[in-house]
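The hints should help you fit chain B onto chain A, whose structure is shown.
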Amino acid sequence: MLAYFLRRVLATIPVVLMVALFVFSLLYIAPGDPAAIIAGDQASPEDVERIRASLGLDRPFVVRFAEWLWQVIHGDLGTSIFTNLSVAHMISQRIEPTVSLMALTLILSLSIAIPMGVIAAWKHGTLIDRVVMMVAVFGYSTPVFVVGYLLAYVFALQLDWLPVQGFTSITEGVVPFLRNLILPSVALGLIYMALIARITRATMLDVLSQDYVRTAKAKGVEQKGILFVHALKNAAVPIVTVVGIGFATLIGGAVVTESVFAIPGLGRLTVDAILRRDYPVIQGVVLLFSFTYVLVNLAVDLLYTVFDPRIRY
Amino acid sequence: MDAGGHAAAPTLPDVLPEPKQRGRVMGFVHRHPTIVLGGSVVALMVLIAIFAPFLATVDPTALAPAKRTRPPSELYWFGTDMLGRDVYSRVLYGSRVSLTVGFSVALCASVIGTTIGLIAGFTRWVDAVVMRVMDGLMSIPAILLAIALMALTRASMKNVIIAITVAEFPRVCRLVRGVVLSLREQPYVEAAIASGTRVPVIIWKHILPNTLAPLMVQATFICASAMIAEATLSFLGAGTPPIIPSWGNIMAEGRALWQVKPYIVFFPAIFLCITVLAVNMLGDGLRDALDPRLAKRL
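Protein chains in written order, with the numbering used here: chain A, 1 to 313; chain B, 1001 to 1298.
Keep in mind the hints are simulated off the structure, nothing from the lab.
If you're wondering where the values come from, they're calculated on a predicted model, not measured in any experiment.
One or more hints might be untrue.
Unchecked claim - Partial chain A-side listing against chain B, Cβ under 10 Å, derived: (1) Val-19; (2) Ala-20; (3) Leu-26; (4) Pro-34; (5) Phe-138; (6) Ala-248.
As the list claims (entries may be wrong) - Label-pair ranges, simulated between beta-carbon atoms: (7) A/Val-154 with B/Pro-1187: 55 to 65 Å; (8) A/Ser-25 with B/Pro-1033: 43 to 53 Å; (9) B/Thr-1123 with A/Phe-61: 18 to 28 Å; (10) B/Arg-1024 with A/Arg-276: 56 to 66 Å; (11) A/Leu-6 with B/Val-1129: 19 to 29 Å; (12) A/Asn-84 with B/Ala-1213: 50 to 60 Å; (13) A/Val-154 with B/Ala-1043: 24 to 34 Å; (14) B/Asp-1059 with A/Arg-8: 55 to 65 Å; (15) A/Leu-303 with B/Ala-1213: 24 to 34 Å; (16) B/Thr-1123 with A/Pro-14: 13 to 23 Å; (17) A/Ala-66 with B/Val-1129: 18 to 28 Å; (18) B/Val-1046 with A/Val-137: 14 to 24 Å; (19) A/Arg-310 with B/Phe-1051: 56 to 66 Å.
Ideal Cβ placement from N, Cα and C applies to all residues, glycine included.
Isolated chain A, as found in the complex (with noise of 0.2 Å):
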């Protein structure tokens, strides 16, 4: 087990390593004179050759790149050109919308696609699945922010039931957080939701018609508990493997969120610095996001010895 825990860790070490790679060579990458997109559009040449100074552009790549990861390493991320703050700072500030609008979706989609899926499952081929299925398919075809929009017209516009846009913080009572974000969950969950859903609903079939399925069945075992333990327990690895790959999704969904509805968090901050070409805003951000989604991957990897003992590679 803890064998299996060190050799899974220890895997993530290249990707991570890859990532940032990535990261830190889109700038070269890219066609032009790095220092003159860092600098941006109004820059004067003074500007640019203090940032070409500040890159180190005479410098081998190994040598910057090693240095630039040590800085991460340590939590520097490097300094914004239009705030000249830290970007470590900057994300600091706007993390807590970020982290509460993805927990709020994650608890939301969960409780709903997975009840939706196995109901999908038990009623197979009736007008129950259908319903399910088809919401599914509108599910993952809608932009993020056409459902965005469409709910905030209909719940904030015209019923006037929620806020339109904004964020209030857990801090200032449970109740009005709750107002602000529910919104912004249901639109950025819904395409998660049809992932999971579809998943959930496909592995289920398959369970259902094992022998220990027929099994318990026979030998009395009520339909909620064959459904809810037997089943579903043994088609948790696939879903719990499309909660971390949708995790991307939820993501990239989450700075469109964020937009739609003015949330001043991590998102905001990443379409602000696309607007002012912030770019070393943009690489910590995006940096950030890429290594949570692999922590979370590593996580599902992880989880998959607790729905499953038998594995082990």
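Same frame as chain A, but now just chain B:
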């Protein structure tokens, strides 16, 4: 000879009705409704894109400040935006951007991904290197990778296509490599290797044809996600240049007014959703048709 004592079989009365012969076309429609429905909608969108100049009522970029933000009416079917431009005409022209980006990314990602995947599947040392690189690329959420690339270059449709392709091709690469690895163990490939067939010939004759089916399905899904990615990038201000009317751009411009003039955002949104849905349905249908084993489960 026929009359030579052999009792001819008595003709049976026609009790069984003729088996119902469906025409080839109707039979296909019946068996693969999603392919037909998805395909028709995509075809319709392609026609709209091609004939946009004839279908549009006015020049999509023509400014008419006096006719700002008119709601949908007989004259302006989808209303006008804050600069007085006709949203209907803009949405029609927008289909060109979405379809071009979707198809181009699907094509480029398939060609690049297949080439690298084939090489990786056949050369062990390349495989080790390439797959680590792909793992790294796939660990960066696709839309963020595209955003980072777009932030480095000037906004243009070509750059949007390149950025989304870079974010999408590792998936193809992985798929093709997986197929190659499993095909290599097949007896007919081993036989070809044993009889001294050159590797390029094996790839061309034995491997490539077998990757086409899953590749086609994957390409459709990539086309759909590329369309969403283009709209998202444009919506965030890092995509197609604002001067070109793309669905993402129209929505981005409508954002400021969406609480009072929601139709500017909703018409392009509806077109985008229908197109992406159609492409996804086409992909689902193709997958079911090409892999019946999977079709039963999913």
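Against the structure, the hints:
{"no.": "1", "hint": "Val-19", "verdict": "5 Å, holds"}
{"no.": "2", "hint": "Ala-20", "verdict": "9 Å, holds"}
{"no.": "3", "hint": "Leu-26", "verdict": "6 Å, holds"}
{"no.": "4", "hint": "Pro-34", "verdict": "9 Å, holds"}
{"no.": "5", "hint": "Phe-138", "verdict": "7 Å, holds"}
{"no.": "6", "hint": "Ala-248", "verdict": "4 Å, holds"}
{"no.": "7", "hint": "A/Val-154 with B/Pro-1187: 55 to 65 Å", "verdict": "59 Å, holds"}
{"no.": "8", "hint": "A/Ser-25 with B/Pro-1033: 43 to 53 Å", "verdict": "47 Å, holds"}
{"no.": "9", "hint": "B/Thr-1123 with A/Phe-61: 18 to 28 Å", "verdict": "26 Å, holds"}
{"no.": "10", "hint": "B/Arg-1024 with A/Arg-276: 56 to 66 Å", "verdict": "59 Å, holds"}
{"no.": "11", "hint": "A/Leu-6 with B/Val-1129: 19 to 29 Å", "verdict": "24 Å, holds"}
{"no.": "12", "hint": "A/Asn-84 with B/Ala-1213: 50 to 60 Å", "verdict": "55 Å, holds"}
{"no.": "13", "hint": "A/Val-154 with B/Ala-1043: 24 to 34 Å", "verdict": "32 Å, holds"}
{"no.": "14", "hint": "B/Asp-1059 with A/Arg-8: 55 to 65 Å", "verdict": "59 Å, holds"}
{"no.": "15", "hint": "A/Leu-303 with B/Ala-1213: 24 to 34 Å", "verdict": "33 Å, holds"}
{"no.": "16", "hint": "B/Thr-1123 with A/Pro-14: 13 to 23 Å", "verdict": "20 Å, holds"}
{"no.": "17", "hint": "A/Ala-66 with B/Val-1129: 18 to 28 Å", "verdict": "20 Å, holds"}
{"no.": "18", "hint": "B/Val-1046 with A/Val-137: 14 to 24 Å", "verdict": "21 Å, holds"}
{"no.": "19", "hint": "A/Arg-310 with B/Phe-1051: 56 to 66 Å", "verdict": "59 Å, holds"}
When each numbered hint is compared with the structure, no violation occurs for any of them.
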